[in-house]
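Peer 1: The lines below spell out each chain.
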Amino acid sequence: MSSEDSPNPEEWDVVIAPRRKIVDLDLPSVWRYRDLIWMFFKRDFITFYKQTILGPLWYLIQPTLTALTYFVIFGKIANISTDGLPPFVFYMSGIALWTYFAVCLTNNAEIFSKNAQLFGKVYFPRLVVPISVVMSGMVAFVIQFALLLVVVIGFLLAGTDLRMYWIASPLVLLLVLYVACLGMSIGLVVSALTVRFRDLAFATGFVTQLWMFASPVVYPYSQVPEKYRFFFYFNPMTAPIESLRSLMFGTDGIGISIWLSNIAITLVLLILGLVLFTRAESNAMDTV
Amino acid sequence: MASDVVIRVHKLSKHYRLGVINHGTLYRDLQSWWAKARGKHDPNTTLGGTWSHSRFRTEGDIFRALEDVSFEVRRGEILGIIGGNGAGKSTLLKVLSRITAPTSGWIGLSGRVASLLEVGTGFHPELTGRENVFLSGAILGMSRREISQKFDEIVDFAEISQFIDTPVKRYSSGMYVRLAFSVAAHLESEILLVDEVLAVGDISFQRKCLGKMEDIVSGGRTILFVSHNMAAIENLCTRALVLKEGRVDFHGEVKEGIRHYYDYFGETKGNNLEGAARTGDGRARITDVWFSDAEGNQLTILKSGQEIQLHICVDPVAENCRNLILAAGVTTLQGEGVLHLSTETGGLVVPHLDARSVFTCTLPRLTLRGGYYSMNLFLSSNGIVADWLQDTFRFQVEDADFYGTGKLPPEGYSTFLADFSWAVTKE
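Top line first, the protein sequences correspond to chains A and B. Everything in the first sequence is counted per our numbering, starting at -6 for the first residue and increasing by one. Everything in the second sequence is counted per our numbering, starting at 3 for the first residue and increasing by one.
Hints listed in this document are in silico derivations from the structure and should not be mistaken for laboratory results. The model shown is predicted, which means the values in this text are computed figures rather than measured ones. Idealized CB from N, CA, C, for every residue including glycine. Treat the hints loosely; a few may be bogus.
Unchecked claim - Below, simulated DSBU-like cross-link-like pairs (lysine-lysine); rule was C-alpha separation at most 35 angstroms, straight line:
#1 B/Lys214 / A/Lys107
#2 B/Lys409 / B/Lys428
#3 B/Lys214 / A/Lys35
#4 B/Lys214 / B/Lys428
Unchecked claim - Derived coverage of chain A by chain B (criterion: at least 3 residues anywhere in the stretch with Cβ under 8 angstroms from a Cβ of chain B; other residues may be distant):
#5 0 to 12
#6 33 to 43
#7 111 to 122
Chain A with its partners taken away, still in its complex shape:
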């Protein structure tokens, strides 16, 4: 007979006990629920089409109009350099990646409040939801990226002085994964904190918006005065946006040291996000 006060793990398939470990990441069970990730992704995708009049067109209108606005304000009025790229190509590449990051962050930040109904009634590995959120956001990114490629081809056909390194395109996937990981990590940190501090939810959207101007979306890193450059080591969105442009169009880009510092920050945020999220999930339903 096993000891009474602690369960014998051999004897049971599932043991439910108070959470003691700091990190309790149950990746095998997330894998077992992979079909659910797919179903959530499909649900978000289908309901998006059913609920908006313009449907997928919206994905095209939004970045086009934003790029146009930036073109007028930052390109024409403020006269900020675009690193030798056609302004549209410059802005659209930045916007596509930034929008994906912002979507991953803000949608993950409200996981507990949006899914309270579901989380309160049925168990599944909660990590399924952030993963599906990241996947749903990918759809918009793919459409925007396709639009960017169409614009690039347009410029190439018009004979503009634009170099396109098609061979580097697969590497863009790595950048996207990095951005997804970063957006999700920050979103998870915020989601875990909003369980306790609900007012943080209001700040999220606002801070994300301001953050964009601290990232090289509407200006190139090369234009940043030397004395402010250290700041970009601490902004983990610097490297992917700059690298997207240098990979595809051969702009100067950034040095390896910024990349290393950015990756380190993202890893720390990822670990912090997973720790806080797995801690929050076991008791979130008692407070929400």
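Given chain A's structure and the hints, the job is docking chain B onto it.
Peer 2: Chain B alone, transformed into the frame defined by chain A:
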């Protein structure tokens, strides 16, 4: 250890903190922290006395939803979990289904667990029936292949095959419930946790659900079933677990469990208003309540058809007890209103109450059917709630020969007995 024990709950406790540690916003947390740092009174502590639970269940700001609960369930058992409101039934199911983590103790489970705490969890109104079957199945833990294999069976059981490609927002509530239950019922799990889901849907479908649950058990699966419906518990369950204020009060044979549960009501029957949860400004208080027959003999069990009197004792605490309205609401144990006896509808006007008084309500022929009922009491003065007690007074009614014919309407066909007479005349 015998291998046919599929669930073992060992010294399980679940405590909740009653909102002192955390106020939900960063601003308030900082405010409390600042006040504490300066040695001042925390502006956000909840004022005492608002919690209605008995003293030994709360300690400081800790509420003991479950305390030292231990039991075992064997393969193929259907365990009915019963207990009054707030006894910890739902918390137990939530911990068992891993929605919330226990505070101490542990649970061991053998086999796959499926919990059905709500019908239609995760259904999305915009999606079609077909899409929702796959979504809901995945949420409950089925793989896509499993759902595809059982898809036809699920749709047939729900009897909605011709609407399967219609968005569920166009479904009637009955169709919705049938589809949702059907998905869950086809889940291949060794252990099924069910919370009160049979309370929804029409009677024929409820029967079908019960039948399905019996099939599930004959297939060797284990069910934990929470319900207020004692008839369902008695028909379906093989064992019963009675919870009382977060502790196991009884675990054993079903009939005895149900008797135990009713005995508990017997204890709270009568003058147990002191510890009751009250709201209102307290300018007058309800101090006592009891039933009697026409001669004034106190009754503990009422009989349908009997002349009974309900006596409520009211004590005016403040001077200005004017324009009183007293009401007694009789509800089922599930909280559905059955009778509402108010001085206002009864035409009794009480302009001023200056001394302790007994209000008596006479029911010449009790029209309630046999069963257990609960009573809410309400007292207002000048339109302001003075004293309001909910679910405090429980009583039992026994079926009796209401019509003098030795016959009563069949079970499930009438909740009330009405005075009526039949006649037949030639045209």
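Peer 1: Between the region 111 to 122 of chain A and chain B, are there enough contacts, at least three residues with CB-CB distance under 8 angstroms, for the coverage claim to hold?
Peer 2: holds (count 7)
Peer 1: Are there at least three residues in the region 33 to 43 of chain A whose beta carbon sits under 8 angstroms from a beta carbon of chain B?
Peer 2: This one holds; 6 residues, not fewer than the three required, reach chain B with a Cβ under 8 angstroms.
Peer 1: Given the hint that B/Lys214 pairs with B/Lys428, test it: the Cα-Cα distance must not exceed 35 angstroms.
Peer 2: violated, 49 angstroms
Peer 1: So if I understand the rule, the pair passes when the alpha-carbon distance is 35 angstroms or less; does B/Lys409 with B/Lys428 pass?
Peer 2: Given pair B/Lys409, B/Lys428 holds - Cα atoms ~27 angstroms apart, limit 35 angstroms.
Peer 1: Quick one, are B/Lys214 and A/Lys107 close enough, alpha carbons at most 35 angstroms?
Peer 2: holds, 33 angstroms
Peer 1: Three residues or more, CB to CB closer than 8 angstroms: is that satisfied between the region 0 to 12 of chain A and chain B?
Peer 2: holds (count 11)
Peer 1: Assess, step by step, whether the Cα of B/Lys214 is no farther than 35 angstroms from the Cα of A/Lys35, and give holds or violated.
Peer 2: Satisfied, since the Cα-Cα distance of roughly 31 angstroms is no more than 35 angstroms.
When the structure is compared with the earlier hints, a violation turns up for hint 4 alone.
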